[in-house]
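These protein sequence lines are chains A and B, in that order. Residues in the first sequence are numbered from 0 upward in steps of one, following numbering that gives the first Met the number 0. Residues in the second sequence are numbered from 0 upward in steps of one, following numbering that gives the first Met the number 0.
Careful, some of the hints might be misleading.
Simulated DEER-style distance windows between Cβ atoms [as the list claims (entries may be wrong)]: (1) B/Leu38 - A/Ala16: 50 to 58 Å; (2) B/Lys150 - A/Pro77: 22 to 30 Å; (3) B/Lys150 - A/Gln61: 26 to 34 Å; (4) B/Asp2 - A/Ser199: 32 to 40 Å; (5) A/Gly166 - B/Ser27: 36 to 44 Å; (6) A/His68 - B/Asn62: 18 to 26 Å; (7) A/Asp9 - B/Pro100: 47 to 55 Å; (8) B/Thr119 - A/Glu13: 19 to 27 Å; (9) B/Asn62 - A/Gln61: 25 to 33 Å; (10) A/Glu90 - B/Ala6: 13 to 21 Å; (11) A/Asp71 - B/Glu131: 17 to 25 Å; (12) A/Leu58 - B/Ala6: 19 to 27 Å.
Chain B regions said to be covered by chain A (calculated; three or more residues, Cβ under 8 Å) [stated by the list, open to error]: (13) 18–29; (14) 124–133; (15) 141–147.
Calculated from the structure, these hints are not laboratory results. In this text the structure is predicted, and so the values were computed from the model without any measurement. We treat Cβ as the ideally placed atom computed from N, Cα and C, and that holds for glycine.
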Amino acid sequence: MERHDREFPDLPDELAATVRGLRNRAQGCPRPALLQAAHGGVLPAELAEPVLRHAETCLTCQTLVESIHALDAEPIEPGMQQRIRERIERERSGSRRRFLWFWPVAAAAGVLIVLAVSVMLRGRPPAAATRPTAQESKPAPVLAWEKAPIVLPPAALLVWRGKDDSGMWKELQTALLRYQSDDFHGAAELLEPLARKYPSLAEAQFYLGVCRLAGNANEGAAGSLEAARKFAQPPLADYVAWYLAMAYERTGRIREARQLLEVQCGHGGELGARACRGAQSLR
Amino acid sequence: MQDEFEAVYRTHVEAVFRYALRLTGDPSKAEDIVSEAFLQLFGHWGSIDTSKLPGWLLTVARNRAMDHWRKASAERPFEESVELSAVQRSVDLEHWLREEPSLKPIHRACLLLHFVHGMTRAEIANHLAVSESKVKGHLQYGLQLLRKSWKTTSAGGAHGAA
């Protein structure tokens with residue numbers, strides 16, 4: 000009669016001993032998660048190197064990695080799929096609520112500031128129109144200037160929650176209210192010191208660049224937009240690339256403008272399509 | 000946009016989850032990564048060419064998995080033990096697990112995690128994101144096959160499953 004092992008009750012003794020032998024040997028193997036991460040190339044080099052060296056000569060580890068890799072096409076449990084869906088929906092609606100709350104408050108603050116400024120300026124001679132004239136904003140031969148939309152990161156919301164310790168976003172907001180009302184010259188005057196004070200604040204550099212382009216200060220615009228490019232995250236980064244290409248074109252750096260647009264073209268979407276057309280026109 | 004996003008989600012969520020799970024070995028971390036990848040996609044919806052999916056999502060998942068391992072500073076570097084490597088290897092069983100044509104990858108993974116890494120059924124189910132009852136079935140099938148192969152070769156006088 001077949002005798003059965005305690006640890007492997009489903010196996011006869013001799014087979015159980017063989018399995019135990021394999022397990023003993025595997026005590027020298029890395030744990031599965033580490034093995035999988037090393038093979039997926041996501042482990043820091045100092046952790047990955049010994050794991051990969053071991054796996055090169057370990058048939059058991061190789062089989063495990065390959066078997067788990069082959070499971071990529073396996074369906075996941077419906078419960079898991081549902082949980083992820085609910086979580087995304089929750090976070091999406093949370094973020095929508097935050098933004099819905101932001102814009103009415105921002106609009107109200109904008110109106111208050113405009114009212115305050117108009118009261119202060121009452122009685123003074125009318126200021127010169129600040130919207131760029133056709134002469135000032137002489138359109139580039141190919142890439143035509145248009146007002147960039149206001150794209151702010153979620154951190155900018157902190158200004159409304161009293162958590163803007165440095166006052167950075169508050170200053171940016173004041174400048175952007177001028178930008179919003181097409182006072183590009185006034186906006187640039189506020190953005191210049193802000194960009195000097197916070198050189199890595201991509202939004203300040205970007206809108207300064209856009210305002211300078213509006214005033215045909217193209218060399219300065221290229222400098223600001225190059226600074227913005229270093230720090231901008233998507234989706235702002237896509238806008239930065241477009242306006243920097245415009246600045247390059249206006250300053251005669253056509254090849255650089257085209258290169259930028261060609262990269263942007265590969266990103267797809269509406270901005271990508273515009274970049275594709277721009278790159279084509281610059282050929 | 001809502002419908003399009005929903006369709007993209009349904010098409011790609013499984014692949015992104017499986018990929019994240021493979022890179023982290025941790026279902027709850029994989030869940031975090033997948034949620035984050037789709038939320039990023041939602042945030043950049045207008046600027047992303049959907050024909051580039053799921054590549055874009057997989058890149059986000061990969062980057063987040065790298066962050067996860069970078070933060071896992073408590074992870075001890077793996078050190079291969081020379082003594083343990085020298086232990087008598089169950090070479091035949093090792094080959095059988097790799098080469099037996101009747102085993103599917105899911106059977107091999109379950110058997111290896113159980114035999115070699117000593118994981119319980121619940122731990123394997125968690126690691127592979129399948130139900131415990133499925134793991135039970137896969138292990139039963141694999142063990143049955145192993146016993147049969149073992150009996151056949153033992154009867155032939157050889158010690159091993161291959």
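### Query
Is 13 to 21 Å right for how far apart the beta carbons of A/Glu90 and B/Ala6 are?
19 Å Cβ-Cβ, so the 13 to 21 Å window holds.
### Task
Look at the Cβ atoms of B/Lys150 and A/Gln61 and judge whether their distance stays inside 26 to 34 Å.
holds, 27 Å
### Message
Assuming the hint says 36 to 44 Å, is it satisfied by the Cβ distance from A/Gly166 to B/Ser27 or not?
### Response
holds, 39 Å
### Message
Given a hint of 19 to 27 Å, does the C-beta separation of A/Leu58 and B/Ala6 actually sit inside it?
### Response
Roughly 43 Å apart at Cβ, these two residues miss the hinted range, so it is violated.
### Message
Can you tell me if the stretch 141–147 of chain B counts as covered by chain A, using C-beta to C-beta distances under 8 Å and a minimum of three residues?
### Response
holds (count 3)
### Task
Please count how many residues of the stretch 18–29 of chain B have a CB within 8 Å of a CB from chain A and say whether that reaches 3.
Result for this restraint: holds, n = 7.
### Task
Can you let me know if the beta-carbon spacing of A/Asp9 and B/Pro100 is within 47 to 55 Å?
This hint is violated: roughly 22 Å between Cβ atoms.
### Query
Would you say the C-beta atoms of A/Asp71 and B/Glu131 sit inside 17 to 25 Å of each other?
holds, 21 Å
### Query
Taking 8 Å as the C-beta cutoff, is the stated coverage of the stretch 124–133 of chain B by chain A satisfied by three or more residues?
With 5 residues close enough to chain A, the hint holds.
### Query
In this structure, is the beta-carbon distance linking B/Lys150 and A/Pro77 contained in 22 to 30 Å?
violated, 39 Å
### Message
Against the range 32 to 40 Å, how does the distance between the Cβ atoms of B/Asp2 and A/Ser199 compare: consistent or not?
### Response
holds, 39 Å
### Range hint 19 to 27 Å (beta carbons of B/Thr119 and A/Glu13) holds or violated
Because 24 Å falls inside the window, the suggested range holds.
Of the numbered hints given earlier, the model fails hints 2, 7 and 12; all others are met.
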